[in-house]
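Mind docking chain W on chain G? Use the hints.
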Amino acid sequence: MVNKLEYRLRTYRDDDEAAIVELFKLGIGRPNIERASIEGWNWRYRLDPNFDPSLILVAEKDGKIIGCMTTTIRDLKIGSSLKVKAASGDIVVHPDYRRRDIATALIHKMLELQRRKGVIIAFGSAAPETYRRVWKPTIGAVSIPDDTTLYTKFLSCRPLKLLLPSINKTLKQDSRLARTNLTVVFHLNGAPPFTLLIHEGKIDIIERQISKPNVSIEGEFSLILSIIKGSRRRILTLLKALLTRKIKTRGVLRNTFKLYICFKALRAYSSGL
Amino acid sequence: MQASEYNVRTYRDGDEVEFIKLFNESYQHYAGVVSRTVDDWLWSCKLRPTVDSEGILVAEKNDEIVGYIVVGNLGEVYELCYNPAQNGWAIVSKLVERAIQHVVAKGGGRLILLAPSDDAIICGICKKFEFKESQLSDVSVTTLRVLNFPMLIKKIVDRKKREKIDFEDTFLIQLKDAPPGDNLITVDTRGGLFLVKRGEIDNPRIKICTDTRTLTSLIFGELSVVNAILSLRLWVRPFRKLPKVLKLLSLLLLRETWYVPRWSTP
Chain G
1 MVNKLEYRLR TYRDDDEAAI VELFKLGIGR PNIERASIEG WNWRYRLDPN
51 FDPSLILVAE KDGKIIGCMT TTIRDLKIGS SLKVKAASGD IVVHPDYRRR
101 DIATALIHKM LELQRRKGVI IAFGSAAPET YRRVWKPTIG AVSIPDDTTL
151 YTKFLSCRPL KLLLPSINKT LKQDSRLART NLTVVFHLNG APPFTLLIHE
201 GKIDIIERQI SKPNVSIEGE FSLILSIIKG SRRRILTLLK ALLTRKIKTR
251 GVLRNTFKLY ICFKALRAYS SGL
Chain W
1 MQASEYNVRT YRDGDEVEFI KLFNESYQHY AGVVSRTVDD WLWSCKLRPT
51 VDSEGILVAE KNDEIVGYIV VGNLGEVYEL CYNPAQNGWA IVSKLVERAI
101 QHVVAKGGGR LILLAPSDDA IICGICKKFE FKESQLSDVS VTTLRVLNFP
151 MLIKKIVDRK KREKIDFEDT FLIQLKDAPP GDNLITVDTR GGLFLVKRGE
201 IDNPRIKICT DTRTLTSLIF GELSVVNAIL SLRLWVRPFR KLPKVLKLLS
251 LLLLRETWYV PRWSTP
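Read top to bottom, the protein sequences are chains G and W. Residue numbering for the first sequence follows this note's numbering, beginning at 1 and increasing consecutively. Residue numbering for the second sequence follows this note's numbering, beginning at 1 and increasing consecutively.
Keep in mind that the hints were calculated from the coordinates and are not lab data.
Below, a list of computed lysine-lysine pairs in the DSS-like style, where the Cα atoms sit at most 25 Å apart:
| hint | chain 1 | residue 1 | chain 2 | residue 2 |
| --- | --- | --- | --- | --- |
| 1 | W | K154 | G | K117 |
| 2 | G | K85 | W | K21 |
| 3 | G | K202 | G | K169 |
| 4 | G | K136 | G | K117 |
| 5 | W | K176 | G | K109 |
| 6 | G | K83 | W | K197 |
| 7 | W | K197 | G | K117 |
Looking at chain G on its own, in the form it has when it is part of the complex:
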């Protein structure tokens, strides 16, 4: 049985900045300069013409900040000539204090503050899973039909190239990978063509297609990346993609399975992509 956690909610003070930034560094899957740096904090809040410190809440336990919710009020368009006062922002809870309803307490207190400020709508964006798990049950938020298209173009293999020394170290340590000789040409939608050369425990990348590769792969860059990054079910995802022709390969079938071993080698480093 988990003991009831004692903490208090209070509004932001000027000397909270460093602690809040550290919390965002811990709490966000992939920290970025806009959320997880003092420079980002200063821009995101202090320089924002709509900054209102009374709309930043922290959860504090024994003088340590363990949760934070920030919001800003803006005039959001909800129709072609209809604007309403709306609030949006971020929330983060220290990983050691999650599943203790701290986020719920912050959200409910914030909604109360927003109501007092005359906010008509609280809005934001979330991953579909976070919406289903947090926002829908906690405050009864609704996901609205959104007609925004996301376009991505991969411009170079530079992020992958930067990881090569580390990948090569792994390849040498793995006896199966150290014996693999393979030339793979990737021709992926939304990415420039490139060739992966795997030779006796060393990987190299050439930013063009070479002739007569062992395997040639066509498909979506993001799908290949999701297979590399994927968890235990990535072999199933790869097989399904091959069967449904979302990924097309040319070459000897045996080499295609060698390719899976190569994906495995890339996986540990894929978070940098």
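Just chain W now, kept in the frame of chain G:
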């Protein structure tokens, strides 16, 4: 008109006055966008830590600004606008090309761009440059919670005031999950007027019982009235007054397309 008629240069102080005109004009038909002022633009683009002045590219024709793009050093396109009265295809094509060059020069590995799905020019250019296309809602959904229904209803009806109100009656909307004080809304349409207030009036003739999620979904077009009734999320008493309730909810329905450029509304 040839693409060469358009010149692309980097940002100069003062360009923002034209930028916000283009931005507000480009996105005036969409819901989900925060209208720009000069201060908003300076903060959200020029002062943004990941944007430097070389990443703000301006398309000109005869010294007139006809488009601009704001691209961060990590490859995110924060804003892309063009003057629809000009050759949008040529303008956007030039701007995207220069944005790609900028990101490559900064060592970025990708360019990410958000666009309204019905903007044929931006979508067409992205296809031409072989961008990978996906729906933003697959990775990020826009969530919304109404905190003040009476005010929202009033604003919607004020905007639609030209529509004739031909369903005179008194309605009581009961929101069973709202806190006391916010759970009863009275709508009075007698005399061709439209009055809305918190709380209950004596003897309302039509009662609508629902919850905040359902009412929000009905207003923002996420749920149809028929589905709400069939799934027992909306009750009307007496049921024979349903046609009037349909008229009321139809008046409140917002039909605009939502375009939510996520990173410009933190």
